[in-house]
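Enquirer: Chains as they are written, first to last, in this note's numbering: chain E, 1 to 95; chain H, 1 to 952.
Below, simulated DSS-like cross-link-like pairs (lysine-lysine); rule was C-alpha separation at most 27 Å, straight line: (1) H:K102 <-> H:K47; (2) H:K306 <-> H:K328; (3) H:K18 <-> H:K425; (4) H:K18 <-> H:K272; (5) H:K791 <-> E:K54; (6) E:K65 <-> H:K791.
In case anyone wonders, no lab produced these hints; they're calculated from the structure.
Now for the letters of each chain:
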Amino acid sequence: MSPIPTPQDAAQAGHPAPRSVHAEDLAIPHDDAAHLIRMANQIATAFRLEPEDKAITAMREHIGKFWTRAMRERLKALATAAAPDLDARIRRAFG
Amino acid sequence: MALIKEIDFGTPIRVADKTVTLEIDGIGVTVPEGTSVMAAAMQLGTKTPKLCATDSLEPFGSCRLCLVEIEGRRGTPASCTTPAENGMKVRTQSARLAGLRKGVMELYISDHPLDCLTCAANGDCELQDMAGAVGLRDVRYGMDGENHHAPAVAKAKDESNPYFTFDPAKCIVCSRCVRACEETQGTFALTIDGRGFASFVSPGGTDFLESECVSCGACVQACPTATLIEKSVIEKGQPEHSAVTTCAYCGVGCSFKAEMQGSEIVRMVPYKDGKANEGHSCVKGRFAFGYATHKDRITKPMIRAKITDPWREVSWDEAIGHAAAEFKRIQAKYGTESVGAITSSRCTNEEVFVVQKLVRAAFRNNNVDTCARVCHSPTGYGLSQTYGTSAGTQDFKSVEMADVILVIGANPTDGHPVFASRMKKRLRAGARLIVADPRRIDLVKSPHIAADYHLPLLPGTNVALINALAHVIVTEGLVDEAFVRERCEWDNFEAWARFVAQDLNSPEAMEAVTGVPAADLRAAARLYATGGNAAIYYGLGVTEHSQGSTMVMGMANLAMATGNIGREGVGVNPLRGQNNVQGSCDMGSFPHEFSGYRHVSDDATRAMFETFWGVPLSGEQGLRIPNMFEESINGSFRGLYVHGEDIAQSDPNTQHVQAALEAMECIVVQDLFLNETAKYAHVFLPGSSFLEKDGTFTNAERRISRVRKVMPEMSGKAEWQVTVELARALGYEMAYRHPSEIMDEIARLTPTFAGVSFDRLDELGSIQWPCNEKAPTGTPLMHVDRFVRGKGRFMMTEYVATDEKVTARFPLILTTGRILSQYNVGAQTRRTDNTAWHPEDVLEIHPHDAESRGIRDGDMVAIQSRAGETVLRATVSERMQPGVVYTTFHHPVSGANVITTDNSDWATNCPEYKVTAVEVRRTNHYSGWQERNAQSDVDLRRIARPLPEAAE
Numbered sequence: 001m002s003p004i005p006t007p008q009d010a011a012q013a014g015h016p017a018p019r020s021v022h023a024e025d026l027a028i029p030h031d032d033a034a035h036l037i038r039m040a041n042q043i044a045t046a047f048r049l050e051p052e053d054k055a056i057t058a059m060r061e062h063i064g065k066f067w068t069r070a071m072r073e074r075l076k077a078l079a080t081a082a083a084p085d086l087d088a089r090i091r092r093a094f095g
Numbered sequence: 001m002a003l004i005k006e007i008d009f010g011t012p013i014r015v016a017d018k019t020v021t022l023e024i025d026g027i028g029v030t031v032p033e034g035t036s037v038m039a040a041a042m043q044l045g046t047k048t049p050k051l052c053a054t055d056s057l058e059p060f061g062s063c064r065l066c067l068v069e070i071e072g073r074r075g076t077p078a079s080c081t082t083p084a085e086n087g088m089k090v091r092t093q094s095a096r097l098a099g100l101r102k103g104v105m106e107l108y109i110s111d112h113p114l115d116c117l118t119c120a121a122n123g124d125c126e127l128q129d130m131a132g133a134v135g136l137r138d139v140r141y142g143m144d145g146e147n148h149h150a151p152a153v154a155k156a157k158d159e160s161n162p163y164f165t166f167d168p169a170k171c172i173v174c175s176r177c178v179r180a181c182e183e184t185q186g187t188f189a190l191t192i193d194g195r196g197f198a199s200f201v202s203p204g205g206t207d208f209l210e211s212e213c214v215s216c217g218a219c220v221q222a223c224p225t226a227t228l229i230e231k232s233v234i235e236k237g238q239p240e241h242s243a244v245t246t247c248a249y250c251g252v253g254c255s256f257k258a259e260m261q262g263s264e265i266v267r268m269v270p271y272k273d274g275k276a277n278e279g280h281s282c283v284k285g286r287f288a289f290g291y292a293t294h295k296d297r298i299t300k301p302m303i304r305a306k307i308t309d310p311w312r313e314v315s316w317d318e319a320i321g322h323a324a325a326e327f328k329r330i331q332a333k334y335g336t337e338s339v340g341a342i343t344s345s346r347c348t349n350e351e352v353f354v355v356q357k358l359v360r361a362a363f364r365n366n367n368v369d370t371c372a373r374v375c376h377s378p379t380g381y382g383l384s385q386t387y388g389t390s391a392g393t394q395d396f397k398s399v400e401m402a403d404v405i406l407v408i409g410a411n412p413t414d415g416h417p418v419f420a421s422r423m424k425k426r427l428r429a430g431a432r433l434i435v436a437d438p439r440r441i442d443l444v445k446s447p448h449i450a451a452d453y454h455l456p457l458l459p460g461t462n463v464a465l466i467n468a469l470a471h472v473i474v475t476e477g478l479v480d481e482a483f484v485r486e487r488c489e490w491d492n493f494e495a496w497a498r499f500v501a502q503d504l505n506s507p508e509a510m511e512a513v514t515g516v517p518a519a520d521l522r523a524a525a526r527l528y529a530t531g532g533n534a535a536i537y538y539g540l541g542v543t544e545h546s547q548g549s550t551m552v553m554g555m556a557n558l559a560m561a562t563g564n565i566g567r568e569g570v571g572v573n574p575l576r577g578q579n580n581v582q583g584s585c586d587m588g589s590f591p592h593e594f595s596g597y598r599h600v601s602d603d604a605t606r607a608m609f610e611t612f613w614g615v616p617l618s619g620e621q622g623l624r625i626p627n628m629f630e631e632s633i634n635g636s637f638r639g640l641y642v643h644g645e646d647i648a649q650s651d652p653n654t655q656h657v658q659a660a661l662e663a664m665e666c667i668v669v670q671d672l673f674l675n676e677t678a679k680y681a682h683v684f685l686p687g688s689s690f691l692e693k694d695g696t697f698t699n700a701e702r703r704i705s706r707v708r709k710v711m712p713e714m715s716g717k718a719e720w721q722v723t724v725e726l727a728r729a730l731g732y733e734m735a736y737r738h739p740s741e742i743m744d745e746i747a748r749l750t751p752t753f754a755g756v757s758f759d760r761l762d763e764l765g766s767i768q769w770p771c772n773e774k775a776p777t778g779t780p781l782m783h784v785d786r787f788v789r790g791k792g793r794f795m796m797t798e799y800v801a802t803d804e805k806v807t808a809r810f811p812l813i814l815t816t817g818r819i820l821s822q823y824n825v826g827a828q829t830r831r832t833d834n835t836a837w838h839p840e841d842v843l844e845i846h847p848h849d850a851e852s853r854g855i856r857d858g859d860m861v862a863i864q865s866r867a868g869e870t871v872l873r874a875t876v877s878e879r880m881q882p883g884v885v886y887t888t889f890h891h892p893v894s895g896a897n898v899i900t901t902d903n904s905d906w907a908t909n910c911p912e913y914k915v916t917a918v919e920v921r922r923t924n925h926y927s928g929w930q931e932r933n934a935q936s937d938v939d940l941r942r943i944a945r946p947l948p949e950a951a952e
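Same shape as in the complex, but just chain E (with noise of 0.2 Å):
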């Protein structure tokens, strides 16, 4: 059995380490798309231990479990147009 990644290998693996999406103090602009792009990367950081063809169906049952329908369509639009800010795996998953 292989090891488990650890968090250097996920990010050796091309994965952003989680940021903070508070560029500059006190800057919180309300922005949807961020506001989403956020919580899609949450859930990717959640999974990152996983194997990547696991943690795409964690996510993508994660996100299509609890996730409206208008929601998930704007996921996936930010996943298509490849959104530099989103998690590579959730453009994987959802683009």
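Following the hints, complete the assembly by docking chain H onto the known chain E.
Expert: Same frame as chain E, but now just chain H:
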């Protein structure tokens, strides 16, 4: 209806495998070994006179009134302290005993005021009863000797507590109050001061209000005279009838007798047969019910076109018709998905069920959510992922069998005080304690309680802590492999074990993150894994984080790895915030689930609901509360029905919530008061207090208990009726004649509730779900032979730091919580005398942090986060660790949630209330938000009154 009087056996009923058989007054009786002669006699209905004994307390043997004769024994032993033995022959009455008892009573009465006719305890006084029972006719010693009650010598009455008085003149120093404070409540606030004739009951040399007393009422309950008595009884007299009901405050769900005069409540008395509380109470449930009749109650429906208009009182028909017309208009204009509802964890299961039914069947969408979203939604997610169902694993009684208690992110003595008393009782009997909390909460060190280990982690590092505990258990070979092999999925366990065993999860590596000394953490892990039955109790300090769901899974992993699941004394136990959080979740309040946690996309389940409800239902999950706010600001969500919640105060990032509420075209609020949310509402539907309701609540142990109506609805309509009429006005018929019929429907549609009905609840007292053919009397313990999902599943729980970082600009972490005397947004408790203990929210700050900012105790300080700013008074406290500040959110003027952010749990969007980066500085004026809010309190709450008639 009569006044319910419970039997007092005099001493506690023992549980034992062996029994003993004895003869009392010639009649045989068999009792568990360890039972006193007094309690054995009472099994036969034979009352032995007594004063210092009551069955909530251990026998004391001081009053000498319960003397009996036992064949073959010398003297007259006290029946309360004498254990029953096989073959014993006891006489409870004889001429000799009668003489002795009369002599004792003469002594008592010679030092007791004879004002029985005007005494508040008249009709409910054990001293009076005993004088009658022993046939006291005169007092040889007269009444003129040295005493404690003559005006010249009597100590003054202590009236400092808002709810009860202490009159030393009437005290017989039986010590029942002192023992109740120790044994039942575990606070040790009372003592007997002085010696001999000069001994007296004292709350530690001060008055009750200033003392350690937590006003739980246990002493009042235990007092056999009028010494400690409710002020409401002094004012009103004795109640004449009562009904058993369930407290509407926290998730402990205590049973109470509502003792009444007509439709007026005299007092709430904890009910001994209530399995959640076993006769104990706290200051909220016992005393803080005055809000139910508070002058602020709104009892007439009101509407207004704009939130800046004054409210206009209208008929029920007009209000409901207007609300329905508005929802229809909005849906016609913006689409089916543009409206939704929020159900309340303070309301009954039946009310919650009809609200979510209204959303699904009348709105025809699934936009329903409940305030569990902002508290225990991660519990639902985490426990269902690992164990297969969304609920605590044990009953409260289970704590009596725990050997190691691990409390994480919970402050039971404040948040769940009655359960805390049971926990402390077990701790005093020798169980070991680990507390993981950023603050030095009372459990860490209080009279006769000391945690073996306090792990003072930094807020936001729970998962790092739980992984480090798991690391020790895995790498030191403390895993219960037999349990894991038999009960859990082995592959997942292996993957998890390899993950936690990595060095990066070791206590030493994590010390830099959590701030917890590695040696303490290792020792705590060893204790949890090897100390016998280990039970986890946790609260919102676990769930209200960006990794809340991960942490719940982390705890579930830990319990599985050590085999601490599936029997008494162990488990993973959420302490639920509100009385009916469990119930509101069970009832299908989540946008993705029908009652019983079944996803709306499940065709078979949906088909069953469609058949039963007679309408097609949406298989697409709806909006969660934070998503509702987002969609409101985006312009696609325009109408909201808020039932018994105050989202404008309780939800995080208040300014964001206010903007979302202001953007909506129709908000309907159903509540007791014009709360903060009602400032943004267009229709107000007056609600009912729990005293005006028939229904059920489900507490943190999954225990379903009855709520019984003891007074008529002030508004003239039951809340469920209003919801039904709103559904009808929307074009969907619901035909219920009584809440019991709603429960019948729940039972038919929900497998875990199949065996529940009001009749069955009346019969059994309460039922823990699942209750069905397999478990006809309910299920105290879950996952006994197998997990609900089959095999337990270990989940990966990588620690990921929150996005909410401390910086030079925001160097402190604010964490929030609650206090004993207040409850949630305070809508109820602020309208009672509980404000005597907590008149305002304060900011607790460590002396170092205070000193470096020039802050002194009592200063006004501004707390600024990335989301907003508010101003509170500071309390300098060593309970805090440096770098962490704390406040409560009970008062709307505090604006605690103006500073909390909209960060949330990755899985459930439960807000991250517990971690906000802030800076604190001295100030001399309120924040801009507070100024604006004060103005809106006036502007948005006006009610149009008809002009007085002109003078002729």
